[in-house]
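Asker: Make a model of the complete structure from these sequences and hints.
Residue numbers (numbering that gives the first Met the number 0), protein chains in the order written: chain U, 0 to 328; chain X, 0 to 328.
Source of the hints: derived by calculation from the structure; they are not laboratory data.
What you are looking at is a predicted structure, and each value in this text was computed from that prediction instead of being measured.
Everything hinted at is true.
Identical copies look the same in the list; a pair holds intra-copy or inter-copy alike.
Derived SDA-like pairs: lysine to any residue, alpha-carbon spacing no greater than 20 Å straight-line:
#  : residue 1 : residue 2
1  : K2        : E107
2  : K24       : R34
3  : K2        : L53
4  : K2        : A50
5  : K2        : S55
6  : K303      : N59
7  : K2        : T31
8  : K2        : L136
9  : K2        : S112
10 : K303      : D137
2 protein chains.
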Amino acid sequence: MVKISDVARHAGVSPSTVSYVLSGKRSISDQTRRRVMDSIRALGYRPHAGARALASNRSNVIALVVPLRSGIHVPIVMQMVIAAVTSARTYDHDVLLLTQDEGIGGLERVAGSSLVDAIIVMDVEMHDVRLPVLRSLDRPSVLIGFPAEPSGLTCIDWDFEAAGAACAEYLADLGHREIALIGAPPAVYERGTGFAERTKAGFQRAAAERGVIAVVRPCDPDHAREAADDLLRDHPGLTGIAVHNEPAVEPLLSAFRATGRRIPDDLSFIAIAPDDLAERLDLTSISIPAEELGRQAVALLMEKLDGHQPPGATLLPSRLVVRSSTPAA
Amino acid sequence: MVKISDVARHAGVSPSTVSYVLSGKRSISDQTRRRVMDSIRALGYRPHAGARALASNRSNVIALVVPLRSGIHVPIVMQMVIAAVTSARTYDHDVLLLTQDEGIGGLERVAGSSLVDAIIVMDVEMHDVRLPVLRSLDRPSVLIGFPAEPSGLTCIDWDFEAAGAACAEYLADLGHREIALIGAPPAVYERGTGFAERTKAGFQRAAAERGVIAVVRPCDPDHAREAADDLLRDHPGLTGIAVHNEPAVEPLLSAFRATGRRIPDDLSFIAIAPDDLAERLDLTSISIPAEELGRQAVALLMEKLDGHQPPGATLLPSRLVVRSSTPAA
DNA sequence: GGCACTCGTCGAAGCGCTTCGACAGTTTTT
DNA sequence: AAAAACTGTCGAAGCGCTTCGACGAGTGCC
Chain U
0 MVKISDVARH AGVSPSTVSY VLSGKRSISD QTRRRVMDSI RALGYRPHAG
50 ARALASNRSN VIALVVPLRS GIHVPIVMQM VIAAVTSART YDHDVLLLTQ
100 DEGIGGLERV AGSSLVDAII VMDVEMHDVR LPVLRSLDRP SVLIGFPAEP
150 SGLTCIDWDF EAAGAACAEY LADLGHREIA LIGAPPAVYE RGTGFAERTK
200 AGFQRAAAER GVIAVVRPCD PDHAREAADD LLRDHPGLTG IAVHNEPAVE
250 PLLSAFRATG RRIPDDLSFI AIAPDDLAER LDLTSISIPA EELGRQAVAL
300 LMEKLDGHQP PGATLLPSRL VVRSSTPAA
Chain X
0 MVKISDVARH AGVSPSTVSY VLSGKRSISD QTRRRVMDSI RALGYRPHAG
50 ARALASNRSN VIALVVPLRS GIHVPIVMQM VIAAVTSART YDHDVLLLTQ
100 DEGIGGLERV AGSSLVDAII VMDVEMHDVR LPVLRSLDRP SVLIGFPAEP
150 SGLTCIDWDF EAAGAACAEY LADLGHREIA LIGAPPAVYE RGTGFAERTK
200 AGFQRAAAER GVIAVVRPCD PDHAREAADD LLRDHPGLTG IAVHNEPAVE
250 PLLSAFRATG RRIPDDLSFI AIAPDDLAER LDLTSISIPA EELGRQAVAL
300 LMEKLDGHQP PGATLLPSRL VVRSSTPAA
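Answerer: This is the structure:
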């Protein structure tokens, strides 16, 4: 293994100079810098991560806690994970993966042993048991999702309230007088995951403001047919549908078509879903930018690692993209 | 921060004794061990990961390189990742996530800086550019997938050859005389990813042995209808279908039903797919155990880290589960 | 011309841990 | 009963890096 002293000898400087060249924490003459860099390349030097972590009290690794639970769309999680890893690399950090089932102990372990400098927690619940731990840890963290009591924490999420409202407004603007939001499976609501509630709230608020009738119904992807039938039976005037449940989108489309409704002629259909899905099915949609969320979470974390104080709450806007599941306006 | 010397003082022993209690590398009297453990708990001591890595030359972290490419089923990747992380934890290791797009440089970086002790590479191609690097690295690695030239490397994968053969044999045994294998999108074959070829080979070999006619066709999930129509037109006697392409399974089912064929009455349908998908659709299937693969890959890696020499090639058997997309035998 | 700075570099200390050799005491072997 | 082999513990060295204070040389200012 080639170490810093080898580089120093090769370049004819002291080890500390090599260190300063690498860290940029003191000024170095151009000439010296160049010589050192050449030696580094010539010898193929790579700083030992452990030694660096020990001496500098920074591991340059962040932890990412991924959810395991049902009802969350795996590809989206994966997109965020990939985005987080990619983004972390641009800040010269690596990502250590933690699963949610390691729970509180896992957080304490990686933080306590200085394995990681900071933590990103995905899929935060309203009353997440990890919140007190996160608050007590001596390392910064960023939560993806908003708990009921976010004070003292840095949180980021999509603006589901706005997304729900945008659906209702758009459908109302198209002239629909009775609209429905088909949401996540019942289990998600029961868990008190914030996003489902917030979408619903936005949808209902905007509908009320526009004076249109709004109904909201949870939906299991395996029972899409039932959901469609129920809705159309109980609300014969229903002509606008918003769906916030990726895996249920396709089954729901089939289900509504099976009732004889044509989309967009008889029914306007809008999905809150990632772009790739909406594009594939050619659906008008509110996009939820998964990569963007992963990237921003890392950016916030880096802010904190740099000693700054980023905003406690960040809501990522989504945008409405009109495709062919709603009539041209 | 509480360090090993604090624990030592508290327990009335030397730091080295505490270290030996923790590592078990020398015998320690029960009495001393107990006193030390009590002090550790009392003080909430956690060894500093960096210091440990520096002194022991072991980081207790493994790298996992995840694929990013199209044509691979994301939920399966995620399952393997989760299984790998969970499994690594049982060996007291953590997992650092690397994306494929960091390429060779990423491998050299994490290995060269001693950030990780070993590497798992997912989604290995036939002529993967990473193979020479992996061979030259001073750290052990395990590949998920088989390259064309696996010598000197440890590889593990599902036994697709056997899975393909099992499909053909099962369909033949049901009495079908003309059978088809619908495979991955064309791009996957073009890439020379081994698994697609191996499934095909097994399917064709077994079909030949049983004396039944076998056709093989790639399929893009978005063109399932086309695939089904083509096959039935060109092979009117076709009555047995095997599918090795998760995202295409549902579209294909719809497509075949749309031609008027009933499953299983007119057509036997068997999928090479993860259990959850097959269960949901109630399909006879060859299961591909994703978790098992992640777990075994870690197990192999740990063998190598322990200085053992595990087999160079491991093929994970899959099993056939009869559900209702094929007639009862 | 002298004083106060800044610039570029060095040496040494120290980050917290593991591990090696030593050694006293005990047990086993011959 | 002496020699050999264990057992349990300690002290010290060292893992490879960062960082602090020091310092000589150059620069600007009055």
